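Okay, here's what each chain looks like letter by letter:
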Amino acid sequence: MTDDCCDPVAPAPRAAGTRWSIALAGNPNVGKTTLFNALTGLSAKVSNYPGITVERRTGALTLPAGAAELHDLPGTYSLNARSAEEQITFDALAGLAGQQAPDVVVVCLDATQLARSVYMLLQCRELGARCVGALTMVDEAGAAAPDARALSELVGCEVVPVTARTKRGLPELLAAIDRAVRTERRAHWMWTPSPALRVQLDVVRGALPASWKASSRYRGADLPAGDDAIALWALTCFDASEQEADELQGVPPDFRAIVLAQQFALDDEAVLARWAWLDREIPKLATIHPDRSLTERIDRVLLHRAAGFAVFAAIMSVLFMSLFAWAAPLIDGIDHLFKALGAGLRDVIGQSMFTDFLVDGVIAGVGAVLVFLPQILMLFLFLGFLEDCGYLARVAYLMDRVMRSMNLHGRAFVPMLFGFACAVPAITATRTMERRRDRLLTMLVVPLMTCSARLPVYTLIIAALIPGSRATQGLLMVGMYAFSVATSLVAAWVISKTVKPLKAKRLPFIIELPPYRFPRIKDVLRMMWGKSSMFLREAGTVILGCSIALWALLYFPRDLPKSAPDYAALIAHAPDDDAKAALAAREQAAHLENSYGGRIGHAIEPAIKPLGFDWKIGVGLVGAFAAREVFVSTLGIVYAVGNDADEHSQPLRQALRTAKTSEGKTAYPPLVGLSLMVFFALAMQCMSTLAVVRRESGGIAWPLFLFGYMTVLAWVVSFAVYQGGRLLGFG
Amino acid sequence: MTSSLAEIPLGRSVKVRSIAGPRAFRRRLLEMGLVPGVAVRVVTIAPLGDPLRIEIRHGQWSIRKAEAAQIAVETTP
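Listed in order, the protein sequences are those of chains P and Z.
For any residue, its number in the working numbering is found by taking its place in the first sequence, counting from 1, and adding 66.
For any residue, its number in the working numbering is found by taking its place in the second sequence, counting from 1, and adding 2.
Source of the hints: derived by calculation from the structure; they are not laboratory data.
Just so you know, these numbers come straight off a predicted model, no measurement behind them.
From the three backbone atoms N, C-alpha and C, an ideal C-beta is built for every residue, glycine too.
Accuracy of the hints is not assured; some may be wrong.
Covered stretches of chain Z, as calculated for chain P (at least 3 residues, CB under 8 Å) [as the list claims (entries may be wrong)]:
id, segment
1, 14-20
2, 28-35
3, 58-71
Straight-line Cα separation of at most 25 Å, PhoX-like style, residue types lysine-lysine; simulated pairs [to be verified]:
id, chain 1, residue 1, chain 2, residue 2
4, Z, Lys-17, P, Lys-350
5, P, Lys-111, P, Lys-233
6, P, Lys-569, Z, Lys-67
7, Z, Lys-17, Z, Lys-67
8, P, Lys-628, P, Lys-646
9, P, Lys-675, P, Lys-726
10, P, Lys-563, Z, Lys-67
11, P, Lys-731, P, Lys-675
12, P, Lys-111, P, Lys-597
Generate coordinates for the entire structure from the input sequences, incorporating the hints supplied.
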């Protein structure tokens with residue numbers, strides 16, 4: 067019945083010191099992560115595949131045959147790929163694109179979804195991978211679980227039932243991997259290509275680039291059936307049609323041309339042949355079906371017209387509160403800790419330029435990174451929990467209609483909501499979407515949401531510059547939130563219509579709604595820590611570097627112009643402490659104006675004058691790049707009311723209200739306040755956001771685009787507000 | 003008689019006849035096991051009217067109406 071194309075290849079001898087490479091593959095939601103954690107324990111490390119934001123998790127394994135590395139591949143339903151993301155799994159399994167082919171592939175087989183998971187095993191076996199099946203969800207399947215031995219005979223490789231939670235079956239699985247390592251490679255096809263497909267396979271196989279051939283990928287003898295599998299993959303995945311062009315990487319153009327010259331009419335054949343085999347064989351093993359009634363009962367509530375949305379709103383409120391309110395004491399704590407640390411250090415080593423560098427540059431910079439940690443940890447904790455129990459897929463189902471109208475993915479709702487707290491964790495939350503296009507589009511509009519760092523700025527501006535009762539001021543604040551939601555949704559729509567790589571293609575939106583499962587807390591915590599530490603490593607270093615650079619910009623040069631008064635002498639002769647403090651604040655203001663940042667403020671004045679801003683606001687905008695709320699303390703320094711002014715500082719509010727232009731007019735009428743708020747709502751003034759977008763998009767092109775479009779948008783809209791308001795006679 | 007999956011009353015189990023639409027879309031559905039002859043059922047419609055929740059081979063999926071319209075099904079056994 068089975069058509070085995072047997073091309074035995076003896077295992078390549080290992081060089082001393084090299085490790086065996088074992089890959090873990092399988093469909094999503096089959097307990098692959100739990101198995102990975104159970105096998106690798108604390109040795110797991112999360113990183114990214116080079117040049118692409120697909121998480122790569124690796125851990126150590128000890129086999130009788132020697133030390134081994136276990137690679138957890140992204141969960142997928144098939145090895146066929148259109149996007150660079152999907153291609154990762156295929157490249158990793160086949161040993162393409164510079165990756166080393168694994169010595170053994172462990173394929174997770176879900177006992178409750180047997181046919182579908184064996185489908186992937188068939189694909190791996192066609193390639194010539196040495197496979198071991200790990201039969202998961204056996205406890206959930208109960209009586210419906212297939213007999214592992216019968217399954218093993220059917221698929222032609224060892225199958226070991228495992229229960230990762232209790233570690234049952236793990237020693238047996240390791241022993242099976244160890245035996246597989248020593249076997250010869252064979253490529254097994256359970257179906258025979260039709261004569262027409264055979265012809266195409268021969269043509270493509272003959273044209274395979276040298277590095278794509280089994281002899282190179284597996285560093286051994288020829289494996290023609292394995293090369294056929296690569297040829298079939300190329301025939302199935304390459305597509306040059308305008309609507310559906312693939313985005314596969316690293317394909318030599320001449321090879322692509324040969325593949326594309328073939329007829330595509332045959333590419334359903336492989337899928338249908340595999341399913342015909344599965345539909346013939348699998349029912350013999352799995353005669354009864356797993357019980358889904360509990361999931362069905364929960365879904366009746368959670369997907370209900372009224373109750374479903376109520377629960378959804380409640381869950382989202384808890385999530386939002388956790389980021390917005392519950393994380394606040396921790397964030398403040400970290401903030402105070404680093405301020406105290408800086409002050410303490412200043413006392414110990416004394417006043418010097420080096421002290422300023424250490425305290426205001428390095429320590430403040432590390433603090434600027436660590437303030438994100440509470441939110442990032444909480445976010446990954448909740449997201450991991452919701453993902454693992456199966457709820458995030460339901461969020462996409464519930465919200466798809468709304469998000470789709472703006473060409474966003476159903477899952478973009480969660481990152482957009484988090485954007486109200488902080489764009490940095492929100493952008494890391496885009497990872498719950500598989501497609502790069504969906505992630506990028508969401509990343510580009512999340513920074514428009516009113517994040518918590520904009521609040522102090524709005525509070526100061528509204529309190530100082532906008533006249534009216536508390537009620538109208540409150541209403542204006544609500545208006546700013548509504549404005550941000552509207553702009554981000556409209557921006558998503560416009561970007562998806564105009565920016566070529568993000569254009570809404572007719573991509574199918576088919577997501578699995580897996581059975582509800584209680585998440586394993588250990589897995590959630592491990593994922594949370596892995597992702598958070600990756601954030602610290604990769605985005606954190608950029609944020610730290612930018613903080614130090616920004617500090618230098620606002621600190622140097624140190625000598626004031628000759629015309630400046632001798633502050634040291636004045637302070638020495640001041641009558642009392644108040645006068646001394648006032649003079650010190652004026653000296654600080656003079657230094658800031660004279661700094662490179664201050665000069666930038668002056669230099670950009672012509673550009674921001676049409677928006678109603680003077681150079682002092684310009685300096686504030688430069689400072690705001692560290693974090694938007696720094697705008698407030700920078701203005702505090704400029705207006706010589708001290709460097710610890712916050713949005714509730716009465717002297718600062720008074721200073722802004724009474725500020726005069728050189729012609730003696732009010733510098734900041736209400737119209738300027740409004741224009742400034744609009745500018746803050748739309749401008750990309752947050753280096754941390756840019757750092758995290760750079761990390762998540764894998765390059766500097768998208769953060770530059772983000773910065774460019776938001777700055778232009780902010781300028782244009784503020785210009786319209788200010789100039790329009792003046793035409794209408796305000797200000 | 004055939005009609006599309008988007009027009010089938012909720013809860014009724016029908017058999018897939020063929021899948022239209024672009025190549026990658028069609029193949030993706032086939033790979034999920036939505037091959038001709040397999041039983042499929044629309045379980046519910048999302049509260050906002052789209053997408054559909056369908057059941058194939060004891061697994062459930064969310065699929066948009068526009069996509070379900072590409073799936074031709076047999077309405078008579």
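- Item | Structure-inconsistent hints, enumerated in ascending order | 1
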